[in-house]
Amino acid sequence: MEAEKEGYAKSVKSLLIECDKKVELKKCIHGVLANLISVDKKYEIAVEMALRICYAKSCYKY
Amino acid sequence: MQNLVTNTEEDAKKLIEYLRNNNLGRASFLPITSIKGRKIEKINKNNISGIVEIASELVKTDKKYEEIINHLLGKTVITEDMASAINLAKQNRYAFRIVTLKGDIINSSGSITGGSVETKSANILGRTTQIIILEKEITALNNKIGKIKKTKIEYEISIETILEEAMFLEQGLQEIEIIYATEKQKVLSLQENIEKIEKKLNNLKEELKQIEENKIENEKNIKELEIKIEKIEVKTEELNIYINEFNLKNKDNQIYIDNLNFDITNLKISVSSFDESELSIQEILERIEQELDNNNSSIKIKEEQIEKIEQNNKSLEEKINTLKKQREQIKKDVNNSGQKVEEFKNKRKEKNQELINSEKEIEEQFIKIENIKNQISKLDVKKAKIDIEIEQITNKMWEEYEVTPNNVEEYIKPENIQLTTKKVKDLRIEIKNLGSINIDAIEEYKQTKERYDFMCEQRLDLEEATIKLKKIIQDMTKIMKEQFIEKFEIINKAFGEVFVELFEGGKAELKLVDQDNILESGIEIEIQPPGKKLQNMNLLSGGEKAFTAIALLFAILKINPSPFCVLDEIEAALDEVNVYKFANYLKHFAKNNIQFLVITHRKGTMEIADTIYGITMKENGISKLLSMKLN
Numbered sequence: 001m002e003a004e005k006e007g008y009a010k011s012v013k014s015l016l017i018e019c020d021k022k023v024e025l026k027k028c029i030h031g032v033l034a035n036l037i038s039v040d041k042k043y044e045i046a047v048e049m050a051l052r053i054c055y056a057k058s059c060y061k062y
Numbered sequence: 001m002q003n004l005v006t007n008t009e010e011d012a013k014k015l016i017e018y019l020r021n022n023n024l025g026r027a028s029f030l031p032i033t034s035i036k037g038r039k040i041e042k043i044n045k046n047n048i049s050g051i052v053e054i055a056s057e058l059v060k061t062d063k064k065y066e067e068i069i070n071h072l073l074g075k076t077v078i079t080e081d082m083a084s085a086i087n088l089a090k091q092n093r094y095a096f097r098i099v100t101l102k103g104d105i106i107n108s109s110g111s112i113t114g115g116s117v118e119t120k121s122a123n124i125l126g127r128t129t130q131i132i133i134l135e136k137e138i139t140a141l142n143n144k145i146g147k148i149k150k151t152k153i154e155y156e157i158s159i160e161t162i163l164e165e166a167m168f169l170e171q172g173l174q175e176i177e178i179i180y181a182t183e184k185q186k187v188l189s190l191q192e193n194i195e196k197i198e199k200k201l202n203n204l205k206e207e208l209k210q211i212e213e214n215k216i217e218n219e220k221n222i223k224e225l226e227i228k229i230e231k232i233e234v235k236t237e238e239l240n241i242y243i244n245e246f247n248l249k250n251k252d253n254q255i256y257i258d259n260l261n262f263d264i265t266n267l268k269i270s271v272s273s274f275d276e277s278e279l280s281i282q283e284i285l286e287r288i289e290q291e292l293d294n295n296n297s298s299i300k301i302k303e304e305q306i307e308k309i310e311q312n313n314k315s316l317e318e319k320i321n322t323l324k325k326q327r328e329q330i331k332k333d334v335n336n337s338g339q340k341v342e343e344f345k346n347k348r349k350e351k352n353q354e355l356i357n358s359e360k361e362i363e364e365q366f367i368k369i370e371n372i373k374n375q376i377s378k379l380d381v382k383k384a385k386i387d388i389e390i391e392q393i394t395n396k397m398w399e400e401y402e403v404t405p406n407n408v409e410e411y412i413k414p415e416n417i418q419l420t421t422k423k424v425k426d427l428r429i430e431i432k433n434l435g436s437i438n439i440d441a442i443e444e445y446k447q448t449k450e451r452y453d454f455m456c457e458q459r460l461d462l463e464e465a466t467i468k469l470k471k472i473i474q475d476m477t478k479i480m481k482e483q484f485i486e487k488f489e490i491i492n493k494a495f496g497e498v499f500v501e502l503f504e505g506g507k508a509e510l511k512l513v514d515q516d517n518i519l520e521s522g523i524e525i526e527i528q529p530p531g532k533k534l535q536n537m538n539l540l541s542g543g544e545k546a547f548t549a550i551a552l553l554f555a556i557l558k559i560n561p562s563p564f565c566v567l568d569e570i571e572a573a574l575d576e577v578n579v580y581k582f583a584n585y586l587k588h589f590a591k592n593n594i595q596f597l598v599i600t601h602r603k604g605t606m607e608i609a610d611t612i613y614g615i616t617m618k619e620n621g622i623s624k625l626l627s628m629k630l631n
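Residue numbers (the numbering used here), protein chains in the order written: chain A, 1 to 62; chain B, 1 to 631.
In case anyone wonders, no lab produced these hints; they're calculated from the structure. In this text, a Cβ means the ideal position worked out from N, Cα and C, and glycines have one as well. Warning: the hint list may mix true and false statements.
The list that follows gives simulated cross-link-like pairs (lysine-lysine, DSS-like), each with its CA atoms no further than 30 Å apart [what the hints assert, rightly or not]:
id : chain 1 : residue 1 : chain 2 : residue 2
1  : B       : Lys60     : A       : Lys41
2  : B       : Lys90     : A       : Lys26
3  : B       : Lys75     : A       : Lys13
4  : A       : Lys42     : B       : Lys90
5  : A       : Lys10     : B       : Lys90
6  : A       : Lys13     : B       : Lys64
7  : B       : Lys90     : A       : Lys41
8  : A       : Lys10     : B       : Lys36
9  : A       : Lys41     : B       : Lys64
10 : B       : Lys144    : A       : Lys41
Here chain B is said to cover these stretches of chain A; the calculated rule only asks that three of the stretch's residues, wherever they fall, bring their Cβ under 8 Å from a Cβ of chain B [unchecked claim]:
id : segment
11 : 15–25
12 : 33–43
13 : 46–53
Chain A is nowhere near these chain B residues, computed Cβ spacing over 12 Å in every case [said to hold, decoys possible]:
id : residue
14 : Glu165
15 : Leu239
16 : Asn620
All chains should be built: construct the whole structure from the sequences, respecting the hints.
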């Protein structure tokens with residue numbers, strides 16, 4: 001699932017796939033936020049929901 | 001959640017450019033250098049239970065992403081449930097966002113979002129933690145696999161040891177079998193021993209008989225000896241009597257001698273008295289002396305005889321003694337032989353006992369033998385049955401399949417006999433269902449087969465022919481198409497020219513209705529008479545139609561002129577002017593070595609003819625011809 005970049009938005013997915021191919025793009029990206037953090041299982045849903053709202057807002061912003 | 005973290009804004013810019021250039025959609029980026037997060041400094045808890053923590057505190061991440069996390073989650077508080085979340089929001093006047101553990105959200109604007117969460121597809125955050133857990137599980141499972149492999153190896157070793165044990169046990173079995181065989185041999189030898197003992201017993205019986213005979217003989221001997229002893233005693237008595245007699249005789253002789261001695265004295269007296277007669281007397285004396293000598297010698301002989309007799313007596317006594325001794329010994333012997341007889345009797349008893357035992361054993365053995373014989377007879381009966389069955393089966397095999405048991409080995413043994421028998425039954429039923437045998441069928445089959453083969457050949461020929469014909473047709477259609485298109489174009493061109501000539505202007509064209517299927521498509525004629533618009537031929541007047549048809553006819557004739565041509569009232573529908581036009585054109589055409597035979601009742605046409613034949617019918621059924629040469 002992770003390798004196929006399933007579950008990400010189309011744009012993010014294609015960008016990540018492209019990054020796996022090209023080194024100069026890969027340098028720019030640290031990664032998807034979800035992959036850079038870890039949360040106790042108990043708080044997973046809460047944190048995910050909080051981040052989703054942020055994402056929606058930020059998308060709106062840009 | 002799906003935000004992409006970059007180093008600088010420049011990087012984000014580059015990536016956005018890339019997205020735009022490739023039309024990949026939108027994404028949001030979080031440059032580390034630019035984002036500065038703020039955190040809630042104070043929460044008015046006011047004894048509200050169920051507050052967990054500020055969300056950014058719950059997230060574990062690298063230090064360089066802290067600002068981003070603060071930016072995203074610094075103003076979010078997580079609570080246990082909705083009730084505490086609402087309380088907290090009220091207490092803090094909606095200063096920050098509150099999220100419950102179930103994912104319901106109270107925004108700082110006061111709006112509340114919530115409901116069920118699609119855990120499977122959307123949970124990207126859980127995925128990373130799940131990946132870590134799953135990797136741990138994988139290592140644990142790998143360890144387990146290693147352990148299982150070890151135990152597998154151990155099991156394999158134990159299997160080998162068990163196999164070795166099995167080998168040992170088999171060897172033991174073989175040894176036991178050997179022991180069993182030796183025991184069997186022992187039993188046989190015991191049976192032989194029994195037989196030997198029986199023989200011995202018989203011998204002993206015979207011995208016993210002999211001993212009894214001996215005993216009888218001994219007893220006879222004893223009796224004889226006793227008789228002998230009696231005889232000897234009688235003899236001794238006789239000898240004693242004899243001796244006594246001799247003694248008496250001896251006395252007589254001494255008396256005789258005494259008498260003689262007395263005589264001698266008497267004679268001596270007589271000698272003295274008879275001195276004179278001495279000579280004679282002496283003679284007598286000599287005689288007497290001679291007699292005396294003789295007597296003495298006889299005495300001596302007698303004495304010797306006596307001595308001999310005495311000696312004989314002594315020897316006889318000795319003999320008697322020895323005989324007595326012998327008798328005693330014989331008596332002893334008799335006693336001894338009695339003991340022996342008793343011993344033999346005892347022995348006989350023992351032997352009898354042994355005999356009884358052996359007889360018992362023999363009886364047992366006989367019973368065993370009988371049992372075995374019974375078994376053998378049963379087995380024989382079984383064998384006979386089986387033999388009969390085998391014979392029946394072989395007969396059946398020979399009758400039904402013409403197969404001997406030796407040949408059977410060539411056939412494959414069926415794996416499932418029940419299935420095969422069922423199959424055989426089914427086949428039998430099928431054969432039955434086929435009905436009675438038709439002897440002519442073979443001949444019929446041959447004929448039919450011949451016919452069938454012949455038909456097949458013919459069919460093949462026909463098929464080949466059809467293929468060839470189809471190919472030829474294809475080729476022909478191809479050629480036809482080509483030729484058709486070629487000629488069509490030529491005719492079209494000629495048609496246009498002729499039309500212009502006939503109509504003195506305008507435009508005409510032939511068109512194929514279906515361009516793809518040329519050979520079967522209809523042909524449409526589009527014409528534009530002078531001063532009119534382009535239209536279909538069906539929309540023209542009758543005269544125009546006829547004139548157009550004539551134009552087409554002449555166009556064809558122009559391309560492929562035939563030497564002789566019959567025209568049957570083709571200009572009947574034309575008006576006067578057009579008739580003259582047609583007639584002129586016809587005349588013009590006739591110069592090209594084409595002879596026209598025109599049937600007409602139009603004067604214009606008649607005018608241009610070289611020769612006119614008039615046909616009238618004065619009376620019914622009788623035509624009359626009238627010829628006229630012009631020019």
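Going down the list of hints, with the structure as the test:
1. B:Lys60 / A:Lys41: holds (12 Å)
2. B:Lys90 / A:Lys26: Distance ~45 Å between Lys90 of chain B and Lys26 of chain A Cα, so the pair is violated.
3. B:Lys75 / A:Lys13: holds (28 Å)
4. A:Lys42 / B:Lys90: Cα-Cα ~25 Å, so holds.
5. A:Lys10 / B:Lys90: violated (39 Å)
6. A:Lys13 / B:Lys64: At roughly 24 Å apart (the allowed maximum being 30 Å), Lys64 of chain B and Lys13 of chain A satisfy the hint.
7. B:Lys90 / A:Lys41: holds (28 Å)
8. A:Lys10 / B:Lys36: Distance of about 28 Å is within 30 Å: holds.
9. A:Lys41 / B:Lys64: Holds, because 23 Å separates the two Cα atoms, which is no more than 30 Å.
10. B:Lys144 / A:Lys41: Roughly 26 Å between the alpha carbons, so the hint for Lys144 of chain B and Lys41 of chain A holds.
11. 15–25: holds (count 3)
12. 33–43: holds (count 11)
13. 46–53: Since three or more residues must qualify, the claim that chain B covers the segment 46–53 of chain A holds, with 8 doing so at under 8 Å.
14. Glu165: Per Cβ check, Glu165 of chain B is outside 12 Å of chain A; nearest 53 Å; holds.
15. Leu239: holds (154 Å)
16. Asn620: holds (98 Å)
In terms of the numbered hints stated before, the structure departs from hints 2, 5, listed from lowest to highest.
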